[in-house]
Amino acid sequence: MFRLICGRLLGAIPTLMAIVLLGFVLMRLAPGGPFDAERALPPEVEAQLRAQYDLDAPLHEQLARYLADLARFDLGPSFKYKDFTVAELIRDGAGVSAALGGAALVLAAALGLTLGCAAALKRGSRFDAAVMTLAVSGQVIPTFVMGPILALVFGLWLRWLPLAGWGGGRPAFLILPVITLALPYVAAIARLMRASLIETMNESYIRTARAKGASPARILLCHALPPALLPVVSYLGPAAAGLLTGSVVVETIFGLPGIGRYFVQGAINRDYTLVLGVVMLYGGLIVVFNLATDLIYGWLDPRVRRS
Amino acid sequence: MSGAAFSATGRIGWRQRLRRHRGARAGGAVLLLMAALAILGPLLSPHGADVVNWDAIEQAPSGAYLFGTDSVGRDLFSRLMLATGISLALGLLATVVSVVIGIGWGAVAGLAGGRVDALMMRIVDVLYAMPFLFFVIVLMAVFGRSLWLIFIGVGAVEWLTLARIVRGQTLLLKNQPFAEAARACGAGPLRLLTRHIVPNLLGLVAVYATLTVPQVILVESFLSFLGLGVQEPLTSLGVLVKEGVETLETAPWLILIPSLWLAALLLALNLVGDALRDAFDPKDR
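Chains A and B supply the protein sequences, listed in that same order. Residue 243 in numbering that gives the first Met the number 0 sits at position 244 of the first sequence, with consecutive numbering throughout. Residue 191 in numbering that gives the first Met the number 0 sits at position 192 of the second sequence, with consecutive numbering throughout.
Chain B with its partners taken away, still in its complex shape (with noise of 0.2 Å):
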């Protein structure tokens, strides 16, 4: 029964779909390219990201460094790769947590129904109406600024919308005929969750990850941009595009590059996930 929510027979399948999205292949082919240099990136760069050369501060992009270098002499196009693989690893991580979060309270809440179902969403509606971004600020301000506090600050965020959705599908999900004979089979509550329900809802949870994962690079730049984010000698996008803005006058290429970079990565898996929602929304059909 897997995708059984989507694979209602259209003419054409969603991987046909998303590979005649000009705007998803375009922004497919910029995310590999760029997940292809952050990983391959200190090998094709001739200098650390973290090697300091005092002859060559602030110089600008030039052969011998491809996008110039910082305030410390580093080399800009090494930092940005050593960012790209934080920032898209942080991103990808985080989402994770914040899918597992959503789906668990979700199905949990709308498989179990009622009073239940009643108070674990009263609590999602709270949430959503606080200023998150600014408890995200005082515990990273507060507690000192570690990876995991990130992670947990982000994926307290997230998840609210995946929650809703999933309760959504699973209210949907939990009284079709499949789910019925599995109850009849007899089915624990459990077993119906892992084996029935969350197989089901997979499809569309995918979508919503995709979107997400820009969502929470934006966050994650958005704290290191504040200078709360991550720390010295790591580097993020966001830290290097707040560096950037110290060097406004003098180095220019130093907040273009990098601003422009993110720009590009955002812009890029928003493409991606918009063209797999269009890809799997069965009303386009």
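Excised from the complex, chain A in its bound form (with noise of 0.2 Å):
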């Protein structure tokens, strides 16, 4: 286990560092700075300002000294918001993501898992197309059709949840975010889980155990479920990192002060050190995600664990 970590951790080394290297030489190589303004400086405030960022020093300093204080932890200050630091910022708009996140993975793993064993169980019932139907609509509407379309009817004839807004975090204001990102994982996840406990379902030892007498309950969660999960849980590491992904999207429909609104007006103002430290951010999480994957699966799996 503890070598599983290890190796796994150290694996993740190359991954990072091309982030970082992309990162840095992408936003170095950009034409203009973070201090072109509508009204240029006076060249000698520009250089100050240059001298005070190190974005006089060569580049491979520039880098050597970026990964230096990455290795404590440190993203460094933000070039647009004056007085905050990139971690500070992060830490600011981390609680409403993870909060989105969160509650849309919990609801994606919930209904989508749910519904995919209903329909597995009821397989070629009406019940079962009309899953499979919605799951197939809902892998292909994109976030930013549905979360406008869910926006107009329930904020705006309806009138039963709020428009958009964080409204200082009253959960009205989370529903229909949560719900725009976790629909295309819910269907997803429904399609995974149907696909796999039906082939599950037709294996020997579900057999035996009927032939013992086990009750389907009993079946069902002891025998099947488990190894029927696995597709799901291998699914659920990228998704995680996906459903992090989609929220810049969801965050900028529905106004949420979160990372990936940092992120992307970070990008358009060449806030370069925001910008790294979000990446390195969802890298690492990234990292960590299907670091946990490989764990849960090999407490699901008694094959990989062994080997």
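If you're looking for bench data, these hints aren't it; they were derived computationally from the structure. Hints may be right or wrong, so weigh each one.
[Said to hold, decoys possible] Just so you have them, the derived chain A footprint on chain B, three or more residues with Cβ under 8 Å: (1) 216-226; (2) 240-246; (3) 250-262.
[What the hints assert, rightly or not] Part of the chain B face toward chain A, derived, beta carbon under 10 Å: (4) G22; (5) V50; (6) V51; (7) F133; (8) F134; (9) M139; (10) F142; (11) L146.
[Claimed, not checked] Label pairs and their computed distance ranges (CB to CB): (12) B:G113 with A:G212: 48 to 58 Å; (13) B:E57 with A:A46: 45 to 55 Å; (14) B:A111 with A:L21: 20 to 30 Å.
Source: prediction; values computed, not measured. For each residue, glycine too, the CB sits at the ideal point set by N, CA and C.
Put the two chains together into one complex; each comes in its own frame, and the hints tell you how they fit.
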């Protein structure tokens, strides 16, 4: 177990390095800098600013310094939001994004697994057909189409829920964004779960269990579900990362003050350190989610654990 | 030997299987209709896509304007047809780009084997784990918003899966008797690749390419929705959805029509792609 974790973390280093390098080079090659304003700054002021943020050093020195800071989890100061460090800005938005992504993940997993199992057990029924039709459409309709339509119907026409905004974190403001973000994943999980459970139910050990007189509930929960969950679990790692990526759009549609919005604004404003910081955060989260996926996988499937 | 990977003789060929598939027929019909409208749209509509009519701002759908007008009085039907054409064209072109890169990378890795293969596939793994959409956003925000960058950005994301599939297939193909025979006849690696391996891959690649097109359209619309994609005076489906969101309260048809249109297009593409995959899949025969 310990070796698996260490190996995985070491294996993630090339990926994270590639992310830093690519991000760093991309931002520095860009025409225009963070201090371009409507009115040009006097040259001496700009030189002073550049010196303050180390922008006058050679590129490789800047990179070395950034990496050294990064090793101490210091993401540096923001170029645009004066007096704020990137870490402070990210901490500001993290609560909103985590609430949004976390709630969406829970909803997607709970609803997707339930619908998928139910559809598999009633295979060929009307219910099954309805779930699968919904799942296919849920998977193809992009969040930036679903979000505005939900906002239009429930926010504007029916007036059941607030149209947009954060509202100081009241749950009502989160309902539409969470549903919007979760729907494609509900659909994908339901499809995977159904296909996987149908396959597992045809295995010979399920027949054995039935022959020994196990109750249907016991067969489902103790014999069929653990192995059937494997493909779903391996989907959940990338899905969790996708929920974070998707939150960029959802935060933009619903005007939520999360990390995703900072990121888009930062990219447009050329706030190098902020953008790199957010990308690093997402890169790190992807690594962590993939590791968690592997650990759960081993827990569910003894064959993986032993090898 | 072309199509060797698939032509294991079932009772019916994939063409019949495809034709019997109800979803594929419906999807194909919708696709054809949309493509025809995108091409013929300018002839059908009495209004130009970029003609501003200040006397007809945010008009609801009516006889004069079939799908209504937008916030500066342009005809939504004409703009929708233009956007469909651009989204489809971008989708197809970027797919071609990603297919070419994917085949090249995967086939070379599979054929070379050994350390080269390990290194090339490791690079794919590393790229897979990157939050690519974020880099594309940065790319667009920083370097301006040209159509070329959309290609590069989307192409960079979409070739990875294809490279993996092609590599796996190449590993299978390169040890088959016909490949050995070609080698025995003195075919070099390049000739083996272009004349014997790649032609055998094309069926499988075509199937996955069909499923790549909606992916590409999705990424492009996503970028356009954030204001980082296609720019005025051109337009794409993502741009129209974005504009629709801005007038959500006063002109709901501006969001409803482009949204449903985009959803229908993506659904149709996916139906056809899924059906193609099923038709080619030897497991179900």
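Return the status of the interface hint for F133 (chain B): holds when the least beta-carbon distance to chain A is below 10 Å, violated otherwise. holds, 5 Å
Taking a Cβ-to-Cβ distance below 8 Å as contact, does the region 216-226 of chain B have at least three residues touching chain A? Since three or more residues must qualify, the claim that chain A covers the region 216-226 of chain B holds, with 5 doing so at under 8 Å.
Given L146 (chain B) as an interface hint, is the shortest Cβ-Cβ distance to chain A below 10 Å? At 18 Å from the nearest chain A Cβ, L146 (chain B) fails the 10 Å test, so the hint is violated.
Taking a Cβ-Cβ distance under 8 Å as contact, does the region 250-262 of chain B have three or more residues in contact with chain A? Held - the region 250-262 of chain B has 6 residues with a Cβ nearer than 8 Å to chain A, which meets the minimum of three.
V50 (chain B) as chain A interface residue, shortest Cβ-Cβ below 10 Å: Since chain A brings no Cβ nearer than about 26 Å to V50 (chain B), farther than 10 Å, the hint is violated.
Interface hint status, G22 (chain B) versus chain A (Cβ within 10 Å): OK, holds: G22 (chain B) within 10 Å of chain A, min 9 Å.
Range hint compliance [Cβ, E57 (chain B) to A46 (chain A), 45 to 55 Å]: holds, 50 Å
Return holds or violated for the Cβ distance of A111 (chain B) and L21 (chain A) against the range 20 to 30 Å. holds, 25 Å
Hint check for G212 (chain A) and G113 (chain B) - Cβ pair distance inside 48 to 58 Å: Since the Cβ atoms of G113 (chain B) and G212 (chain A) sit about 54 Å apart, the hinted range of 48 to 58 Å holds.
Status of the V51 (chain B) interface restraint (C-beta, 10 Å, chain A): Violated, because the Cβ-Cβ distance from V51 (chain B) to chain A comes to roughly 24 Å (cut-off 10 Å).
Holds or violated: M139 (chain B) as interface residue toward chain A, Cβ cutoff 10 Å? holds, 8 Å
Would the stated hint for F142 (chain B) survive a check requiring a Cβ distance to chain A of less than 10 Å? holds, 6 Å
The structure does not agree with the numbered hints 5, 6 and 11 stated previously, though it agrees with the rest.
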